[in-house]
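Asks: Residue numbers (our numbering), protein chains in the order written: chain A, 1 to 318; chain B, 319 to 596.
Treat the hints loosely; a few may be bogus.
What the hints assert, rightly or not - Residues from chain A that face chain B, not an exhaustive set, calculated with beta carbons under 10 Å:
1. G27
2. R53
3. V58
4. S59
5. I80
6. D94
7. M96
8. G108
9. S131
10. H198
No lab work stands behind these hints, which were simulated from the structure alone. These numbers were taken from a predicted model, which means no experiment stands behind them. All C-beta atoms, glycine included, are put in the ideal place defined by N, C-alpha and C.
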Amino acid sequence: MPAETNQTLVRAQDLRKRYGDFEAVRGVDFEIQRGEAFGFLGANGAGKSTTMRMIGCVSEPTGGEIEVFGLDPRRDGTAIRGRLGVVPQDNTLDNMLTVFENLTVYAGYFGIKRREAKARAAELLEFVQLSGRSDDKVDDLSGGMQRRLAIARSLINRPDLVLLDEPTTGLDPQARHLVWERLFQLKQQGVSILLTTHYMDEAEQLCDRLVVMDEGRIIAAGSPRELIDTYVTKEVVELRFNGLHTTDLAEIASGLGGVGAQIEPLPDRILVYTDDGDDTSAALEVRDVRPSSVLARRATLEDVFLRLTGRALAEDEA
Amino acid sequence: MSATAADRAAVASARPAEAPLGYAAGAWRAFNLQLTLYRHVWHGTVFTSVVLPILYMISIGIGVGSYIDSSSTGGITYAEFIAPGLVCSVAVMMLGNDMTYPVFGGYRDWGGGYLAQRSTPLRPVDILNGHLLYAMVFRPMTNCTVVAIVLALFGVYSSAWAALAVPAAVLVSAALAPWLFFWCSSLKNDAMLNAVFRFAIMPITLFSGVFFPAEQMPGFLQPLVWASPLWHGTELARAATIGIAPALPPALHVAYLVALCVVGWLLARRAVARRLNF
Numbered sequence: 001m002p003a004e005t006n007q008t009l010v011r012a013q014d015l016r017k018r019y020g021d022f023e024a025v026r027g028v029d030f031e032i033q034r035g036e037a038f039g040f041l042g043a044n045g046a047g048k049s050t051t052m053r054m055i056g057c058v059s060e061p062t063g064g065e066i067e068v069f070g071l072d073p074r075r076d077g078t079a080i081r082g083r084l085g086v087v088p089q090d091n092t093l094d095n096m097l098t099v100f101e102n103l104t105v106y107a108g109y110f111g112i113k114r115r116e117a118k119a120r121a122a123e124l125l126e127f128v129q130l131s132g133r134s135d136d137k138v139d140d141l142s143g144g145m146q147r148r149l150a151i152a153r154s155l156i157n158r159p160d161l162v163l164l165d166e167p168t169t170g171l172d173p174q175a176r177h178l179v180w181e182r183l184f185q186l187k188q189q190g191v192s193i194l195l196t197t198h199y200m201d202e203a204e205q206l207c208d209r210l211v212v213m214d215e216g217r218i219i220a221a222g223s224p225r226e227l228i229d230t231y232v233t234k235e236v237v238e239l240r241f242n243g244l245h246t247t248d249l250a251e252i253a254s255g256l257g258g259v260g261a262q263i264e265p266l267p268d269r270i271l272v273y274t275d276d277g278d279d280t281s282a283a284l285e286v287r288d289v290r291p292s293s294v295l296a297r298r299a300t301l302e303d304v305f306l307r308l309t310g311r312a313l314a315e316d317e318a
Numbered sequence: 319m320s321a322t323a324a325d326r327a328a329v330a331s332a333r334p335a336e337a338p339l340g341y342a343a344g345a346w347r348a349f350n351l352q353l354t355l356y357r358h359v360w361h362g363t364v365f366t367s368v369v370l371p372i373l374y375m376i377s378i379g380i381g382v383g384s385y386i387d388s389s390s391t392g393g394i395t396y397a398e399f400i401a402p403g404l405v406c407s408v409a410v411m412m413l414g415n416d417m418t419y420p421v422f423g424g425y426r427d428w429g430g431g432y433l434a435q436r437s438t439p440l441r442p443v444d445i446l447n448g449h450l451l452y453a454m455v456f457r458p459m460t461n462c463t464v465v466a467i468v469l470a471l472f473g474v475y476s477s478a479w480a481a482l483a484v485p486a487a488v489l490v491s492a493a494l495a496p497w498l499f500f501w502c503s504s505l506k507n508d509a510m511l512n513a514v515f516r517f518a519i520m521p522i523t524l525f526s527g528v529f530f531p532a533e534q535m536p537g538f539l540q541p542l543v544w545a546s547p548l549w550h551g552t553e554l555a556r557a558a559t560i561g562i563a564p565a566l567p568p569a570l571h572v573a574y575l576v577a578l579c580v581v582g583w584l585l586a587r588r589a590v591a592r593r594l595n596f
């Protein structure tokens, strides 16, 4: 395997993970560069967390190649984990310990001396706005605070790459925004970030580059803008018809051929992908389509995601 | 957190290659968690190491002992007879706490434990060793020493050799702890933890010749007695405290306990590596 280049932190080739008969990750390729915020986007069960665990050297791949910092996780797990910061999905904080001890004990796992650990812990609690809760037990913290503590803990070894598994799942909007702010600050400090999420707005806000995963495979890759440009049109017109049944919507949709670039009937609305929302709205009026509301908006990652994985989901449910 | 991007990049690329993590250092780092937890709960252990032995000595040593003719215990008082075994059985009771729920919960999100440690440079074997260092060395070394001192107040020792009851207790812990770790690593639900108490901790405490000479057990139960680490430890401790010759040469007792420890550790090491590869 080639040594770590200056830029590439993680390189995966045809990476696979099989559990018995089930292949959770089915041959993925990606590279993560230094200083980048990289996202794995996908529904639950898409293989994001499994991929993350293989990068974090806590799950041995069953096929393909992976190197992290130019090292082989099968052989150099200890050295690699020493340079990673990990925020697991379920925090794994020590409930019996105080907030401060959670940081200092964890620092000890990295061989950080006691005095240095205390200094770093104080500094990090400041960073995640938990200085006042230093002596509290973890159980007394809200979900958002626990998540911030887990983020602080992941930074105790001054990692080269921070892995965050669904950093804001289950948090209320304020808590989410506070986490996002902190992650954004880290990004500005040049910390490389790797995150999984099923929130499109999160991916759009935080990620320089991302891959969309579905059923263990990468089905699209690029910057949020590139993905939007590649997979959907610039704008989307959303048509809602109050009182109409899903089957009615499908019928209306089938009669809209030629309007916009593509029509997508959803259970509650029809999406018309178009490069010019005003033109499309006008065209709809000409056809005498009378929705109860029309919303023309810029296309988002969510549209990309629905476009790429929506059909698969619908097929599964059928 | 005021480092600039350039600073960080410089730090990252200038980071020296770390020396490989040795087993001793790994165990020590993981042990720190148990030690920090212990600081929060140590006062709870006063019951096991101070109050419990006093209760045992008063109720059984003195109470039951008043009915027992010293000729059946080799010419010593009954309190003297049970004291060395008590030191060792406290070690077994402590394992019932330290090597059951904490191991089972360590693999789950019951407050960090092994899952958090796994994301760090520590290897599964370090996580195992750290917990063992606590449960089979630190706890018996400290708590059984306190027990031994408390028992001294009852005047049950005849020489300073009695201090060897503590290393005997450590050996009992060492023989048992890796097996409990191995067992609790494979449990699917916490209801099964009760089985560990019922089929390991309880019978070992009762049928290891602590409260009566093991040879008074029915013949068909004798093999169980010989298998019990607590019996071997009690024989050693009794030899040290009151000079009763053990059933086997001391070296054989020690060898048996060490062998149990080594086999148990090998099994536990395999179990922890499997459980912590996700």
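Asks: Restraint: D94/A near chain B, CB-CB cut 10 Å. Satisfied or not?
Replies: Since the shortest Cβ distance to chain B is 4 Å, the answer is holds.
Asks: Hey, does the I80/A contact hint survive, CB to chain B under 10 Å?
Replies: 9 Å, holds
Asks: Can we keep the V58/A interface hint, with Cβ of chain B closer than 10 Å?
Replies: 5 Å, holds
Asks: Using the nearest Cβ pair, does R53/A come within less than 10 Å of chain B?
Replies: 5 Å, holds
Asks: Would the stated hint for M96/A survive a check requiring a Cβ distance to chain B of less than 10 Å?
Replies: Hint on M96/A: holds, closest Cβ of chain B at ~5 Å, below 10 Å.
Asks: With a cut-off of 10 Å, does the beta carbon of H198/A approach a beta carbon of chain B closely enough for the hint to hold?
Replies: With Cβ-Cβ at 20 Å, over 10 Å, it is violated.
Asks: Does the nearest C-beta of chain B fall within a distance shorter than 10 Å of the C-beta of S131/A?
Replies: Hint violated; S131/A Cβ to chain B Cβ min 13 Å, cut 10 Å.
Asks: Holds or violated: the hint that G27/A contacts chain B, with Cβ atoms closer than 10 Å.
Replies: Where the cut-off is 10 Å and the nearest Cβ of chain B is about 19 Å from G27/A, the hint is violated.
Asks: Report holds or violated for the interface hint on G108/A, using the least CB-CB distance to chain B and a cut-off of 10 Å.
Replies: 4 Å, holds
Asks: Identify whether the interface hint at S59/A stands, where standing means a beta carbon of chain B within less than 10 Å of its own.
Replies: Holds, about 4 Å.
Violated hints for the displayed structure, listed by number in ascending order: 1, 9, 10.
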